[in-house]
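Enquirer: Okay, here's what each chain looks like letter by letter:
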Amino acid sequence: MKKDLSSRIGIGVGFVLILLWCLLPVAWIISLSFKSQEAVTVGSPGFFPSSGGGAGWQNYQDVLQDDQFRRAIFNSIGISLIATILSVVFATLAAYAIARLEFSGKKFVLTTALVIAMFPVVSLVGPLFDMWRRFGIYDTWPGLIIPYMSFTLPLAIWTLSAFFREIPWEMEQAAQVDGATSWQAFRKVIVPLAAPGVFTAAILTFFFAWNDFVFGISLTSTENARPIPAALSFFVGADPFNRPSSLLAAGAVVATVPIVVLVLFFQRKIVAGLTAGAVKG
Amino acid sequence: MAAIEMKNIVKKYGDGFPAVNDVSIDVADGEFMILVGPSGCGKSTLLRMIVGLEDITSGDMLIGGDRVNDLAPRDRNLSMVFQNYALYPHLTVYENIAFPLRLAKRPDKEIDEKVREASKTLDLDEHLQRKPANLSGGQRQRVAMGRAIVREAKAFLFDEPLSNLDAKLRGQMRTEIARLQKRLGITTVYVTHDQTEAMTLGDRVAVMKRGVLQQLATPRELYEQPVNLFVAGFIGSPPMNFLPATVEGDQVTLPFGTFPIPAAKAERTAGKGLLMAGIRPEHFEDVSVIEADKVDSSRTFEAHVDVREWLGDQQYAYVPYEAEAKVQDQLKELARESDSDSLRTQLVVSLDAASTVKEDDDATLYIDTDKMHLFDPSTGDNLTVGL
Numbered sequence: 001m002k003k004d005l006s007s008r009i010g011i012g013v014g015f016v017l018i019l020l021w022c023l024l025p026v027a028w029i030i031s032l033s034f035k036s037q038e039a040v041t042v043g044s045p046g047f048f049p050s051s052g053g054g055a056g057w058q059n060y061q062d063v064l065q066d067d068q069f070r071r072a073i074f075n076s077i078g079i080s081l082i083a084t085i086l087s088v089v090f091a092t093l094a095a096y097a098i099a100r101l102e103f104s105g106k107k108f109v110l111t112t113a114l115v116i117a118m119f120p121v122v123s124l125v126g127p128l129f130d131m132w133r134r135f136g137i138y139d140t141w142p143g144l145i146i147p148y149m150s151f152t153l154p155l156a157i158w159t160l161s162a163f164f165r166e167i168p169w170e171m172e173q174a175a176q177v178d179g180a181t182s183w184q185a186f187r188k189v190i191v192p193l194a195a196p197g198v199f200t201a202a203i204l205t206f207f208f209a210w211n212d213f214v215f216g217i218s219l220t221s222t223e224n225a226r227p228i229p230a231a232l233s234f235f236v237g238a239d240p241f242n243r244p245s246s247l248l249a250a251g252a253v254v255a256t257v258p259i260v261v262l263v264l265f266f267q268r269k270i271v272a273g274l275t276a277g278a279v280k281g
Numbered sequence: 001m002a003a004i005e006m007k008n009i010v011k012k013y014g015d016g017f018p019a020v021n022d023v024s025i026d027v028a029d030g031e032f033m034i035l036v037g038p039s040g041c042g043k044s045t046l047l048r049m050i051v052g053l054e055d056i057t058s059g060d061m062l063i064g065g066d067r068v069n070d071l072a073p074r075d076r077n078l079s080m081v082f083q084n085y086a087l088y089p090h091l092t093v094y095e096n097i098a099f100p101l102r103l104a105k106r107p108d109k110e111i112d113e114k115v116r117e118a119s120k121t122l123d124l125d126e127h128l129q130r131k132p133a134n135l136s137g138g139q140r141q142r143v144a145m146g147r148a149i150v151r152e153a154k155a156f157l158f159d160e161p162l163s164n165l166d167a168k169l170r171g172q173m174r175t176e177i178a179r180l181q182k183r184l185g186i187t188t189v190y191v192t193h194d195q196t197e198a199m200t201l202g203d204r205v206a207v208m209k210r211g212v213l214q215q216l217a218t219p220r221e222l223y224e225q226p227v228n229l230f231v232a233g234f235i236g237s238p239p240m241n242f243l244p245a246t247v248e249g250d251q252v253t254l255p256f257g258t259f260p261i262p263a264a265k266a267e268r269t270a271g272k273g274l275l276m277a278g279i280r281p282e283h284f285e286d287v288s289v290i291e292a293d294k295v296d297s298s299r300t301f302e303a304h305v306d307v308r309e310w311l312g313d314q315q316y317a318y319v320p321y322e323a324e325a326k327v328q329d330q331l332k333e334l335a336r337e338s339d340s341d342s343l344r345t346q347l348v349v350s351l352d353a354a355s356t357v358k359e360d361d362d363a364t365l366y367i368d369t370d371k372m373h374l375f376d377p378s379t380g381d382n383l384t385v386g387l
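Keeping their order, the protein sequence lines are chains F and U.
For the first sequence, the positions run 1 to 281 when this note's numbering is used.
For the second sequence, the positions run 1 to 387 when this note's numbering is used.
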């Protein structure tokens, strides 16, 4: 009993340490975002804004009233969502085929997908820049959605095909005997069972698209398609040697919120063991 | 409801191996047909060809008189219970059972009526809102049955439905399936490797080996008149004893002695050299438990019992014997074909529970050679079939 208690205390202490380690930068950004620009410039020691150095919600108001930033949020949400939806839909169909069908070149598809996923993102920026300008999709949403999809599809396909392989063949066969077409069996039985995989793939894709900076900064030139991470880097203010740190911090917090909300929302959906009870285990 | 006719059905896989070879079986309307055989004999493949989950390489599959070879499973209107049940884990029991009806786009009211009726039949009323994950094995089995009976299918197909249940539940469900089938009077094809299920459930039983139909007959006929060594050895537990035998005149010589056999059997087998005699364990008895005046002394022999298993209502005694290498090899091959293992040549005899035969002791046993079958060892054919 005593040992039990002490080990629980140990676990608790460990938790707190790890949380501190992980969340300190976040806390620091939040702290920064509530300080006024002047306070930051003069040093502003301390975690909480010192008296008179606090800016209240002013930084957030400034950020959200900034047209460029609002436009960047809109771009980011739109591009990330479209890339995620397309990527997950394609990955689901592709992964199902890979998991269920025997066709020549299956191994090739999987290996190629993996190779693409391992490609350094930066190495593609140059060629893409050239190509996109020629195709006329430079500085447009599709210009970002396409590279995002091509980098997230492999991972999504691998994740999902692993999930599909876990689902017993009999599920579809039972559905077909029960009178379902192949498509109905896929939609009503297989996809619901693979839901945890679909959500996992969706979150991974969304993270990648949302957090991407390299493509965001190099394949856009105006606020037409510039996403948040790129937009933040354009927050230079009047003096390039004295960047508006508190404003940037507020922008960073705003950019983080959708991700947090998304994770909290989907977390419930990512439950392993949904197939429990399908067959005698 | 419909009859199922299989005409010269062949299933060849990519490597050209015939998993099912020229099988013809007619299942009459309302009949309970069992497909039985050791693993890999093609019984499940045949069932899956009936339902449409496997392509038919050649031959005709007729359901209710219509050729269905090229129809998709959903167009054949059959219902199937899978070995592992294949319930939809994301749906409640109610929705699992309703699934085929929902696909058929029946009105909600009708669906509700039918689901409730099926759940009442299968005693699932209190579980309707639960998910399959929370059910016991027997309950899952019943849900799978419910999904099969809720629809007016032309036939039921069962693919080893009870093999995942424990022994007691299996016995209960077996009776339940028999009762349900009799009540609904629907054509049923049932695949199993369990011969108790085969013998108790089926109107007729088809025994298969390596894709070839061996015998199609009533359970009693299979047991009493097996057409070949394989069927004789596969049906019955403990299995039939096979002994090297030679027939001269109306006397058969077994490793334990020479005994008289009926004239009709002798006529067909005399002078054919070394044969294989098949005698079921229950056709032996301990002489000491038979009334003295009923013992025919020409049909008794002395035997050394090395192991005895007392089961309460009966007991099995094991009598080892020496056999020549050729016979031993054949017995081993036979055992391998029916998924069992014979480590030694021995006689299994079923004795009356009252018998006081001791282990590692000598006993006088009676052999009922009237019931003996004689097989041609090279072809495996039963030479005394029908006698």
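It is worth saying that the hints were derived from the structure and are not from the lab.
Treat the hints with care, since some could be wrong.
[What the hints assert, rightly or not] Computed list of lysine to aspartate or glutamate pairs in EDC-like fashion (alpha-carbon distance at most 20 Å, straight line):
1. U/209 / U/194
2. U/131 / F/170
3. F/188 / U/95
[Claimed, not checked] Estimated spans, in silico, between C-beta atoms of each pair:
4. U/108 / F/118: 33 to 39 Å
5. U/15 / F/184: 42 to 48 Å
6. F/122 / U/57: 53 to 59 Å
7. U/221 / F/184: 55 to 61 Å
Computed from a predicted structure; not experimentally measured.
For glycine and all other residues, C-beta sits at the position ideal for the given N, C-alpha and C.
Enquirer: Give a verdict on every hint.
Expert: Comparing the hints with the structure gives:
1. Note on residue 209 of chain U and residue 194 of chain U: the hinted pairing holds, with a Cα-Cα distance of about 14 Å set against a maximum of 20 Å.
2. As the CA atoms of residue 131 of chain U and residue 170 of chain F are separated by approximately 18 Å, the hinted pair is consistent with the 20 Å bound.
3. Under the criterion of a C-alpha separation no larger than 20 Å, the hint pairing residue 188 of chain F with residue 95 of chain U is consistent with the structure, at around 12 Å.
4. Between residue 108 of chain U and residue 118 of chain F, the C-beta spacing of about 52 Å breaks the proposed range 33 to 39 Å.
5. One distance hint, 42 to 48 Å for the beta-carbon pair residue 15 of chain U and residue 184 of chain F, is violated here, with the actual separation near 33 Å.
6. Roughly 55 Å separates the CB atoms of residue 122 of chain F and residue 57 of chain U, a value that falls within the hinted 53 to 59 Å.
7. Residue 221 of chain U and residue 184 of chain F have their C-beta atoms about 44 Å apart, which leaves the hinted 55 to 61 Å range violated.
In summary, the numbered hints that this structure violates are 4, 5, 7.
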